[in-house]
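If you read the protein sequences in the order shown, they are chains A and B.
Just so you know, the first sequence maps onto residues 10 to 314 in our numbering.
Just so you know, the second sequence maps onto residues 3 to 284 in our numbering.
Derived from the structure by calculation, the hints contain no laboratory data.
Keep in mind that this is a model prediction, so the values were computed, not measured.
You may find that some hints are simply not true.
[What the hints assert, rightly or not] Straight-line Cα separation of at most 27 Å, DSSO-like style, residue types lysine-lysine; simulated pairs:
hint: 1; chain 1: B; residue 1: LYS108; chain 2: B; residue 2: LYS201
hint: 2; chain 1: A; residue 1: LYS123; chain 2: B; residue 2: LYS10
hint: 3; chain 1: A; residue 1: LYS123; chain 2: A; residue 2: LYS66
hint: 4; chain 1: A; residue 1: LYS93; chain 2: A; residue 2: LYS66
hint: 5; chain 1: A; residue 1: LYS215; chain 2: B; residue 2: LYS10
hint: 6; chain 1: A; residue 1: LYS218; chain 2: B; residue 2: LYS10
hint: 7; chain 1: B; residue 1: LYS68; chain 2: B; residue 2: LYS147
hint: 8; chain 1: B; residue 1: LYS272; chain 2: A; residue 2: LYS229
hint: 9; chain 1: A; residue 1: LYS123; chain 2: A; residue 2: LYS218
hint: 10; chain 1: A; residue 1: LYS311; chain 2: A; residue 2: LYS229
hint: 11; chain 1: A; residue 1: LYS123; chain 2: A; residue 2: LYS229
hint: 12; chain 1: B; residue 1: LYS6; chain 2: B; residue 2: LYS272
hint: 13; chain 1: A; residue 1: LYS215; chain 2: A; residue 2: LYS229
hint: 14; chain 1: A; residue 1: LYS311; chain 2: B; residue 2: LYS108
hint: 15; chain 1: B; residue 1: LYS6; chain 2: A; residue 2: LYS215
hint: 16; chain 1: A; residue 1: LYS164; chain 2: A; residue 2: LYS93
hint: 17; chain 1: B; residue 1: LYS272; chain 2: A; residue 2: LYS123
hint: 18; chain 1: B; residue 1: LYS201; chain 2: A; residue 2: LYS123
hint: 19; chain 1: A; residue 1: LYS229; chain 2: B; residue 2: LYS6
hint: 20; chain 1: A; residue 1: LYS123; chain 2: B; residue 2: LYS6
hint: 21; chain 1: A; residue 1: LYS218; chain 2: B; residue 2: LYS6
[To be verified] Pairwise CB distance ranges (calculated):
hint: 22; chain 1: B; residue 1: GLU9; chain 2: A; residue 2: GLY160; range: 39 to 45 Å
hint: 23; chain 1: B; residue 1: TRP15; chain 2: A; residue 2: PRO103; range: 21 to 27 Å
hint: 24; chain 1: B; residue 1: ARG187; chain 2: A; residue 2: ASP202; range: 40 to 46 Å
Where a beta carbon is used, it is the ideal one built from N, C-alpha and C, also for glycine.
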Amino acid sequence: MATATTQNRSWYRRNEIAVTPWLFLLPGILFFALYVIIPIFQSVWISFHEWDGLGEKTWVGTANYERLLGGDRKFETSFWNNLKWLVLYLLAIPMGLSISLFLNQTVRGIRLYKSLFFFPFVISQVVVGLVFSWFYLPNDGLFDVITGLVGIDIKGGVLGNPNTATYGIIAAGLWPQTAYCMILYLTGLNAVDPEQVEAARLDGAKGLKMLWYVIIPQLKPATFIAFVVTIIGALRSFDFIAVMTNGGPFGSTRVLSFYMFEESLSEFGFRMGYGAAIAVVLFFIMLIFIGYFLWSMYQDEKGVR
Amino acid sequence: MFPKPLEKSSRNWQISYQVLLPLTLIVWLLPLIAVAVFSIKPEADFVNGNYWGLPSSFEFFTNYGKVFFESDMPRYLWNSVLITVPTVIGCIILSSMTGFALGVYKFRGNLLIFFMFIAGNFVPFQILMVPVRDLTLSLNLYDTKLGLILFHVAFQTGFCTLFMRNFIRALPFPLIEAARVEGVREWRIFLFVVLPLMKPALAALAVLIFTFIWNDYFWAIVLTQGPDSQPVTAGITSFNSQFRAAYHLMSAGSIVAALPPVAMFFLMQKHFIAGLTLGAVK
Numbered sequence: 010m011a012t013a014t015t016q017n018r019s020w021y022r023r024n025e026i027a028v029t030p031w032l033f034l035l036p037g038i039l040f041f042a043l044y045v046i047i048p049i050f051q052s053v054w055i056s057f058h059e060w061d062g063l064g065e066k067t068w069v070g071t072a073n074y075e076r077l078l079g080g081d082r083k084f085e086t087s088f089w090n091n092l093k094w095l096v097l098y099l100l101a102i103p104m105g106l107s108i109s110l111f112l113n114q115t116v117r118g119i120r121l122y123k124s125l126f127f128f129p130f131v132i133s134q135v136v137v138g139l140v141f142s143w144f145y146l147p148n149d150g151l152f153d154v155i156t157g158l159v160g161i162d163i164k165g166g167v168l169g170n171p172n173t174a175t176y177g178i179i180a181a182g183l184w185p186q187t188a189y190c191m192i193l194y195l196t197g198l199n200a201v202d203p204e205q206v207e208a209a210r211l212d213g214a215k216g217l218k219m220l221w222y223v224i225i226p227q228l229k230p231a232t233f234i235a236f237v238v239t240i241i242g243a244l245r246s247f248d249f250i251a252v253m254t255n256g257g258p259f260g261s262t263r264v265l266s267f268y269m270f271e272e273s274l275s276e277f278g279f280r281m282g283y284g285a286a287i288a289v290v291l292f293f294i295m296l297i298f299i300g301y302f303l304w305s306m307y308q309d310e311k312g313v314r
Numbered sequence: 003m004f005p006k007p008l009e010k011s012s013r014n015w016q017i018s019y020q021v022l023l024p025l026t027l028i029v030w031l032l033p034l035i036a037v038a039v040f041s042i043k044p045e046a047d048f049v050n051g052n053y054w055g056l057p058s059s060f061e062f063f064t065n066y067g068k069v070f071f072e073s074d075m076p077r078y079l080w081n082s083v084l085i086t087v088p089t090v091i092g093c094i095i096l097s098s099m100t101g102f103a104l105g106v107y108k109f110r111g112n113l114l115i116f117f118m119f120i121a122g123n124f125v126p127f128q129i130l131m132v133p134v135r136d137l138t139l140s141l142n143l144y145d146t147k148l149g150l151i152l153f154h155v156a157f158q159t160g161f162c163t164l165f166m167r168n169f170i171r172a173l174p175f176p177l178i179e180a181a182r183v184e185g186v187r188e189w190r191i192f193l194f195v196v197l198p199l200m201k202p203a204l205a206a207l208a209v210l211i212f213t214f215i216w217n218d219y220f221w222a223i224v225l226t227q228g229p230d231s232q233p234v235t236a237g238i239t240s241f242n243s244q245f246r247a248a249y250h251l252m253s254a255g256s257i258v259a260a261l262p263p264v265a266m267f268f269l270m271q272k273h274f275i276a277g278l279t280l281g282a283v284k
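Please work from the sequences and hints to get the whole structure.
Okay, structure coming up:
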């Protein structure tokens, strides 16, 4: 026994640098595989079945996908809403940049201003959603009062009207997201090379030209991160919809993430197979972006090596 | 510095800036200010349609008293604490280890594993939902805090590993080599050389994860139900159905639910922002 341990120790000693990283990685990888990596494949597997979550799974092949892509109206609405989210959510980037340019001054109390501008991001989306749904209340809501002053009346209130509800929710989502982009750009602006700015100023560049040709190129890392978090945020939009409209009115505010949840776990019964198929579609949409992000990061890593 | 510093601008712009600054802030925070005002109004104001005027009386103590003593809110808050704190600790332990392994050692598959963590961190929650719910059910952990904690720890490890690994990468490597030459064992290098240098990263991650987990809603409704284990984000919806249309109480409840991460942010602002903006500057 004693010899075995000394042998073990010497083997470990000899291979310490090769073995240690794996020992350190083991708990993390196991956990991550169990809860994240394996479930992805399980979901794909489930999506080829009909399953109520309790009994036996019945293999149905690609039937779920055929139904989904072959004219499911709810799916189409959700998909188009996802696109609206994606495009409009990106407004958070220029909006965040504008606010950060506005706040990038050194006056008394500016630090407090920056934190207060940022702070919508810290509040949970559930609370932001609630706050905005009161803001949008028909007749009594502040938004309705203000639009009433200029003579605009939205039937049923912003969230009660199928034509405006999704935009109302996206606007609520843009609020914290803009704050996030703002803080990214404030950090980026801090690191802008002052000599280059001065040099450009001597060359007569100012205002928008300076911003476009000198500042924005230097903000590229911040823009990249803003882009990543905004895309992910747009495709993850669930909390706002669940809290503000619960998918309504008439299902007009559903997005894929919400539709999936609804199919799998709602009062209409547990249709896990169909839900999983929706999730897989959403996953593949996301995968396009994930692939792009990873590719950019890989280019960076290669640069370092 | 861009834009042009205020001191070098015209007097007119300097004055307008000083006026514009508080005005834009008020417009920006208008929804929150409205809710804060709601939460100190008496019920009568809403009955009389006085939604947006000044409160007719100051009911801070009555409204918040009701939230704390006549609802399940304190239970939900306590659940949130019991879910959030262990998750933060678990994530930090796991990811400081994975970050160390990926940041310090060169081995085959290093980058692959690193990218696996990043990619996993970006996937939509819905693709995990059915299997994770199933797994939690089969572990007999459905509707328990532990079930929620385990998932959160596992999922957040992706983001935390990204963070830790990049932080460790930026540490001076000769320090580790010097320790190796001295014959210090690898796990002791981790504990006594690298870990002390990681304090700012640990602090930043702790506040970030605290906020993320506190604000989680999706997993709270997928993996738990009822006041025994649901955190406050999920509890607020049942709170709201208890006080339907009682805007003064719903507002007070929302403010209470949102407060802990806000407090955390203002207390640890430097770390919080350092964490969020990691990578925004090269």
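Holds or violated: A:LYS123 and A:LYS66, Cα atoms, limit 27 Å. Violated. A:LYS123 to A:LYS66 sits at ~53 Å, over the 27 Å cutoff.
Does A:LYS311 pair with B:LYS108 here, judged by a C-alpha cut-off of 27 Å? Cα-Cα ~14 Å, so holds.
Hinted pair, alpha-carbon criterion (27 Å max): A:LYS215, B:LYS10. Please report holds or violated. holds (14 Å)
B:LYS6 paired with A:LYS215 [C-alpha distance capped at 27 Å]: holds (9 Å)
Holds or violated: B:LYS201 and A:LYS123, Cα atoms, limit 27 Å. holds (25 Å)
Holds or violated: 39 to 45 Å for the Cβ distance of B:GLU9 and A:GLY160? Between B:GLU9 and A:GLY160, where Cβ atoms are some 44 Å apart, the hint holds.
Do the alpha carbons of A:LYS311 and A:LYS229 lie within 27 Å of each other, as the hint requires? Holds. A:LYS311 to A:LYS229 sits at ~18 Å (cutoff 27 Å).
Next pair to validate is A:LYS215 with A:LYS229; report whether the Cα-Cα distance is within 27 Å. holds (19 Å)
Hinted pair A:LYS218 and B:LYS6, Cα distance within 27 Å: holds (13 Å)
Just to be careful, I want the Cα atoms of A:LYS123 and B:LYS10 compared with a cutoff of 27 Å; is the pair within it? Holds - the C-alpha atoms of B:LYS10 and A:LYS123 are around 21 Å apart, at most 27 Å.
Given the hinted pair B:LYS68 and B:LYS147, is their Cα-Cα distance within 27 Å? holds (26 Å)
Against the 27 Å threshold, does the CA-CA distance of A:LYS93 and A:LYS66 hold or violate the hint? violated (35 Å)
Checked against the numbered hints above, the structure breaks hints 3 and 4 and satisfies the rest.
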